[in-house]
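> One letter stands for each residue in the lines below.
2 protein chains.
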Amino acid sequence: MSVNYPNGKQYIPNAAANTKIANKKKNESYSNRGMTLEEDLNITNEYYREKKIAVVHKKPTPVQIVQVDYPMRSAAVIKEAYFKQASTTDYNGVYKGKYIDFEAKETQNSSSFPLKNFHEHQIRHMEEVLLQGGICFVILRFTKEEQVYLLEAKNLLQFWDRMKTGGRKSITKEEIEQLGYYIPLGFQARIDYIRIIDTLYQLS
Amino acid sequence: MSVNYPNGKQYIPNAAANTKIANKKKNESYSNRGMTLEEDLNITNEYYREKKIAVVHKKPTPVQIVQVDYPMRSAAVIKEAYFKQASTTDYNGVYKGKYIDFEAKETQNSSSFPLKNFHEHQIRHMEEVLLQGGICFVILRFTKEEQVYLLEAKNLLQFWDRMKTGGRKSITKEEIEQLGYYIPLGFQARIDYIRIIDTLYQLS
Numbered sequence: 001m002s003v004n005y006p007n008g009k010q011y012i013p014n015a016a017a018n019t020k021i022a023n024k025k026k027n028e029s030y031s032n033r034g035m036t037l038e039e040d041l042n043i044t045n046e047y048y049r050e051k052k053i054a055v056v057h058k059k060p061t062p063v064q065i066v067q068v069d070y071p072m073r074s075a076a077v078i079k080e081a082y083f084k085q086a087s088t089t090d091y092n093g094v095y096k097g098k099y100i101d102f103e104a105k106e107t108q109n110s111s112s113f114p115l116k117n118f119h120e121h122q123i124r125h126m127e128e129v130l131l132q133g134g135i136c137f138v139i140l141r142f143t144k145e146e147q148v149y150l151l152e153a154k155n156l157l158q159f160w161d162r163m164k165t166g167g168r169k170s171i172t173k174e175e176i177e178q179l180g181y182y183i184p185l186g187f188q189a190r191i192d193y194i195r196i197i198d199t200l201y202q203l204s
Numbered sequence: 001m002s003v004n005y006p007n008g009k010q011y012i013p014n015a016a017a018n019t020k021i022a023n024k025k026k027n028e029s030y031s032n033r034g035m036t037l038e039e040d041l042n043i044t045n046e047y048y049r050e051k052k053i054a055v056v057h058k059k060p061t062p063v064q065i066v067q068v069d070y071p072m073r074s075a076a077v078i079k080e081a082y083f084k085q086a087s088t089t090d091y092n093g094v095y096k097g098k099y100i101d102f103e104a105k106e107t108q109n110s111s112s113f114p115l116k117n118f119h120e121h122q123i124r125h126m127e128e129v130l131l132q133g134g135i136c137f138v139i140l141r142f143t144k145e146e147q148v149y150l151l152e153a154k155n156l157l158q159f160w161d162r163m164k165t166g167g168r169k170s171i172t173k174e175e176i177e178q179l180g181y182y183i184p185l186g187f188q189a190r191i192d193y194i195r196i197i198d199t200l201y202q203l204s
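As given, the protein sequences belong to chains A and B, one line each in that order.
Counting in full-length UniProt numbering, the first sequence runs from 1 upward without gaps.
Counting in full-length UniProt numbering, the second sequence runs from 1 upward without gaps.
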């Protein structure tokens, strides 16, 4: 059974995460310090949904359930389960009728983005989505610099192929600056990727 | 915390489920007896993916993780978790660039389909998807009769409204026959919903 813990991070249940976000917002005047990319994207997607701009959700973490208890008069309790490797990307949804699909990753590196952040399954999924005419990309964050870029899946696939044919195992910062689209940190749509999609696909 | 066990069914891990499907296929000459709607749809979606017809996945079951153990030299074990109510539908993906989104439900009833099979959250999600120009529907199975129908979300929403304004809490079989699209059980694309989508939206 293929199991792993997706990002090596401590799991924060939703309620706690939300409180954390609320507190952060209050204490740090909406700065991004300490917020994960996932938290920023959740806020962005919630904003898109509320404003009827787009409907995008993060998929639940895939879990292989092994044992479930059914106590009398209370909810079923999962007593043994394992994290599974995702077979798709984490985010998908609809924008103006079009299918959009992306993965979001961050790195502590400053000079390059390691490709080990992606799995073979996810790369295959991106290829399938592109073939089906979907809009597919990755959102890459350089955590230390707090810089976020959108890179189209077609470019990521080229770098993946370069690695597979013996080339470097990362994308250089220069390559990302050249081919990707910088997303400045916003206020409500914190990572306003839809604006980039609009420009790229002339949807607005 | 809102928790529930999605369909009141015993959980079958993937590996076991696949074996079960394989055995069923062998022993019952591809008849549908005993196969769940989910199993049929997984086979259908796998076929669509292999043939590059569409890319549709079932979302993982949402789970609220409470406690995780990290044993030395082995995979993280989830020791306490609960089933959460889904905030979206179970299936989504891309077909010819368009976003498609659906929920699949079955009933033991013969004369009507109870609306309690759907949750308020899912209904809101369907409204949002339609507003964004996505293709949204439900797949309804009458288990005893082994009859499967595709009903567009716009129709489901009308029946939901009827219930909310004091009307009946189910859709009659006649209404489903009249407004829905019967999907005959197929061989490889067992529940060939894409064919209906093609007809409805002139995508082919």
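Derived from the structure by calculation, the hints contain no laboratory data.
Treat the hints with care, since some could be wrong.
If several chains are the same, the list does not tell them apart, and a pair holds so long as it fits within one copy or across any two.
[Unchecked claim] Using 25 angstroms as the maximum straight-line C-alpha spacing, the simulated DSS-like pairs for lysine-lysine come out as follows: (1) Lys52 with Lys154; (2) Lys164 with Lys52; (3) Lys52 with Lys169; (4) Lys144 with Lys52; (5) Lys173 with Lys79; (6) Lys96 with Lys164; (7) Lys51 with Lys154; (8) Lys173 with Lys96; (9) Lys164 with Lys116; (10) Lys144 with Lys96; (11) Lys96 with Lys169; (12) Lys164 with Lys59; (13) Lys59 with Lys84; (14) Lys154 with Lys96; (15) Lys84 with Lys58; (16) Lys164 with Lys154; (17) Lys79 with Lys59; (18) Lys144 with Lys105; (19) Lys116 with Lys144; (20) Lys52 with Lys79; (21) Lys79 with Lys116; (22) Lys79 with Lys169.
> Okay, which hints does this one fail, numbers in order?
Hints 3, 4, 5, 6, 8, 10, 11, 12, 20, 21 and 22 contradicted; others consistent.
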